[in-house]
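**Student:** Modelling step: build the complete structure from the supplied sequences, incorporating the hints.
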Amino acid sequence: MEILKFENTIPKSWLEGIQEVHRAVFDGDLLKEEKLQNRNNFLAILAIVDGKVAAFKFGYEQPDGAFYSWLGGVHPNYQRLGIAAACMEAQHNWCRGKGYKLVRTYGRNEKKAMLIVNLKAGFNIIKTFVDDKGRHKIVFEKNLLADESK
Numbered sequence: 000m001e002i003l004k005f006e007n008t009i010p011k012s013w014l015e016g017i018q019e020v021h022r023a024v025f026d027g028d029l030l031k032e033e034k035l036q037n038r039n040n041f042l043a044i045l046a047i048v049d050g051k052v053a054a055f056k057f058g059y060e061q062p063d064g065a066f067y068s069w070l071g072g073v074h075p076n077y078q079r080l081g082i083a084a085a086c087m088e089a090q091h092n093w094c095r096g097k098g099y100k101l102v103r104t105y106g107r108n109e110k111k112a113m114l115i116v117n118l119k120a121g122f123n124i125i126k127t128f129v130d131d132k133g134r135h136k137i138v139f140e141k142n143l144l145a146d147e148s149k
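Taken in order, the sequence shown gives residues 0 to 149; the numbers are from numbering that gives the first Met the number 0.
Don't read these hints as lab results, they were simulated from the structure. Source: prediction; values computed, not measured. Glycine included, every Cβ here is placed at the ideal spot set by N, Cα and C. Take the hints with a grain of salt, since some may be wrong.
Claimed, not checked - FRET-style restraints, in silico, Cβ to Cβ: (1) Glu1 to Gly121: 23 to 29 Å; (2) Pro10 to Gln61: 23 to 29 Å; (3) Thr8 to Lys119: 15 to 21 Å; (4) Asp130 to Met0: 19 to 25 Å; (5) Gly27 to His135: 35 to 41 Å.
**Tutor:** Here it is in structure tokens:
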């Protein structure tokens, strides 16, 4: 497996592979490319297996200075191989290198595997809320400085 990192933009040559993973993970939905634009300090992590996108993880800086781990997924053919954890580790290492102290992410109860990955990675549950689509969300935060002191 190879981990690729792209800051601020994703080369077009990888977009179809990202779409394939997105459709497989998110019930056939297409990722709207405009959602990848105009994000402050945007970071894309891609996990490549045999030349194909096996997983992706996107994030960007929020107005309060936290890095928001926004969207990600592992294609079902590559799940349970530690790829999500490897993408997360690459993202957190990049964040530390850029001086971020806090990573935030949201989860949903029906995506239990990702909730478990977040908890195992040292995230804390901060709060819950119901979004404008009526979905219950769980807010996770991880202090990257506390992670370094272990």
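**Student:** Checking against the hints above, which ones are violated?
**Tutor:** 3, 4, 5
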